[in-house]
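Novice: Take the given structure of chain R and dock chain D to it, following the hints.
Protein chains: 2
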Amino acid sequence: MARISLSRRLRRTPFSDGVEAAGVKGYTVYNRMLLPTVFESVEADYRHLKSHVQVWDVSCERQVELRGPDAARLMQMLTPRDLRRMLPGQCFYVPIVDETGGMLNDPVAVKLSEDRWWISIADSDLLLWVKGIANGYRLDVLVDEPDVSPLAIQGPKADDLLARVFGDRVRDIRFFKFDKFEFEGRELAIARSGYSKQGGFEIYVEGSDIGMPLWNALFAAGEDLQVRAGCPNLIERIEGGLLSYGNDMTDDNTPHECGLGKFCNTHTAIGCIGRDALLRVAKEGPVQQIRPIAIDGDALPPCDRPWPIVAGGKRIGQITSVAWSPDFNTNVSIGMVKLSHWEPGTRIEVETPDGMRGATVRDKFWI
Amino acid sequence: MARISLSRRLRRTPFSDGVEAAGVKGYTVYNRMLLPTVFESVEADYRHLKSHVQVWDVSCERQVELRGPDAARLMQMLTPRDLRRMLPGQCFYVPIVDETGGMLNDPVAVKLSEDRWWISIADSDLLLWVKGIANGYRLDVLVDEPDVSPLAIQGPKADDLLARVFGDRVRDIRFFKFDKFEFEGRELAIARSGYSKQGGFEIYVEGSDIGMPLWNALFAAGEDLQVRAGCPNLIERIEGGLLSYGNDMTDDNTPHECGLGKFCNTHTAIGCIGRDALLRVAKEGPVQQIRPIAIDGDALPPCDRPWPIVAGGKRIGQITSVAWSPDFNTNVSIGMVKLSHWEPGTRIEVETPDGMRGATVRDKFWI
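First to last, the sequence lines map onto chains R and D. Each residue of the first sequence is one higher than the one before, counting from 1 in the numbering used here. Each residue of the second sequence is one higher than the one before, counting from 1 in the numbering used here.
Next up, chain R with everything else stripped away, as it sits in the complex (with noise of 0.2 Å):
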């Protein structure tokens, strides 16, 4: 396989040097930034993450800030959830789209107070975009990206691991919540949230400086509970069901083609970009969606781009996110299938690199 040339542009984080020391094996880039893939291996990493905790480097999931009186009006010109009910210390999910309803982005949207938010985005330059539209409206708003780095804390023990670093009042964070924690006097805010099925937290790091001395807090005080680095499971992930974007969704994609119909509040959400486009979207329903397919057959090898999925000699989807499941004992995948075939059950075949494999559309995804 071929390795990555590593140079400025692609941006190291704060906690680098603490992936590098525990033997990082591979990369992919995020936001023009380095993301761990894997450790150990991805199956020995997946086995871990289900039984003890690890700590993510997820400096990749940028922060873009907006600060100022219209910070709030920006937010909902964004996305068509209603925002209104928000409240400070709430992280919603919401899909950002742009005036045709395509999907430029599915963050996190993170309220800390009315007038100052921050986006915890996904692959694509969202701040670009939020700038933009900022300057085009000619808003009273500042948007730029702090110094602040996502590290996720993950696994059935990660309440115990960050209760010995931030005191028991983690434990009280609900899900999708989030509260301040101090940290060698800094103020930082913890939610409970992040990228895995297996319970956990994601801490914003801000401030580059303090990176790495929180890294050795949280192994030197989970040593006995098995801590260990890690990253986000490509067959976790998707035995969850926890898309991607660029890989199971794209700028191509409405919100209700991934499924995300119902973290759009069409009629309600006067003001966002996309809203006549969705409307349309929103009555009619959409005519291809994300679907969890389970295919045939031994383990296949990653999914590097869109397989084909057909049926009667015609496509009528593609496959975007694959793996084998050692817990489900299938590939595991996740796909973009048209109405026409997808109701749980059916039977559909893909071309894979290793020849066309049986498949069959699921309900729900696996946890």
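Note that these hints are calculated values from the structure, not bench results. There is no bait here: all hints are sound.
If chains are identical, the list can't say which one is meant, so a pair holds when it fits in one copy or spans any two.
In silico DMTMM-like cross-links for lysine to aspartate or glutamate, where the CA-CA straight-line distance does not exceed 25 Å:
(1) Lys314 <-> Asp147
(2) Lys262 <-> Asp276
(3) Lys25 <-> Asp304
(4) Lys111 <-> Asp168
(5) Lys338 <-> Asp147
(6) Lys25 <-> Glu40
(7) Lys314 <-> Asp209
(8) Lys364 <-> Asp327
(9) Lys197 <-> Glu40
(10) Lys338 <-> Asp296
(11) Lys262 <-> Glu99
(12) Lys338 <-> Asp276
Specialist: Relative to chain R, chain D alone:
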């Protein structure tokens, strides 16, 4: 060195099959697309590039297409370079700036006609900025990413190779001009341009389906010219002073800091969004600027993060790109240096991973 984990999100190109067959050994990610970095070795690739001809998959130079009555107005809003005298058939290197004068990209603008432009971008999602501006100002223009993938032909034998495939008329294309040529019934724009100082062309391959046929035609025609697959070469581009957005400059920098003041006609570029901010910089001049710097001693490792430049115990700049040059027998590098130390001949010190090294600010790049 860590390997790269492939996924659909790191987009393949119309030429990826050819690149793989040619034995690519390393990749970087550029505009969320795979960009080869090395075939035989960076030094062997460099030697070959300077002697023969190479075919480069630079599909990652994605195009932002502007189409419609407001296309020219929008293009001028993006850049401080005065575009009023630009003619269809011309390519202009254009710094793109935000409202603070910070560089968002340093692309080549290709004027196809008065109401149709391509912006051949460096590594940032410029599409999102342009779409945001077009939307906010309610301009009458369509903005999207067309199916166009540049293929560069670089090296001293580039004219000979291209003439065999497209006819002798390619020899008449002047620097930073383009003309239209036919391949398999398709009209393709070919410009005399490219990211090396060895001469050559960039073919704007419109339609992914003709990617591999064109790739194969070039290799078949150039066997006796010793044509090879290549890629932008780190050594050659530093010797030649070709800047890299994300490496040598970011949105923190003004065009003037990057030595691109000559491309800023700030007084006459009426409508440019960053004009107000840049008028002041144009008048007073920058306080730091990019310089070629020769670093003493033997070959240094890759510059994967900024290396501080110090003088008299103070930080006075940073190195952002470095390579050992066999032809000039020194470490060639690019750095940002404060006004107090940017005079040619100034001796400075660089904090490298191999310890402190003496270095000299140069008057000019090497080639």
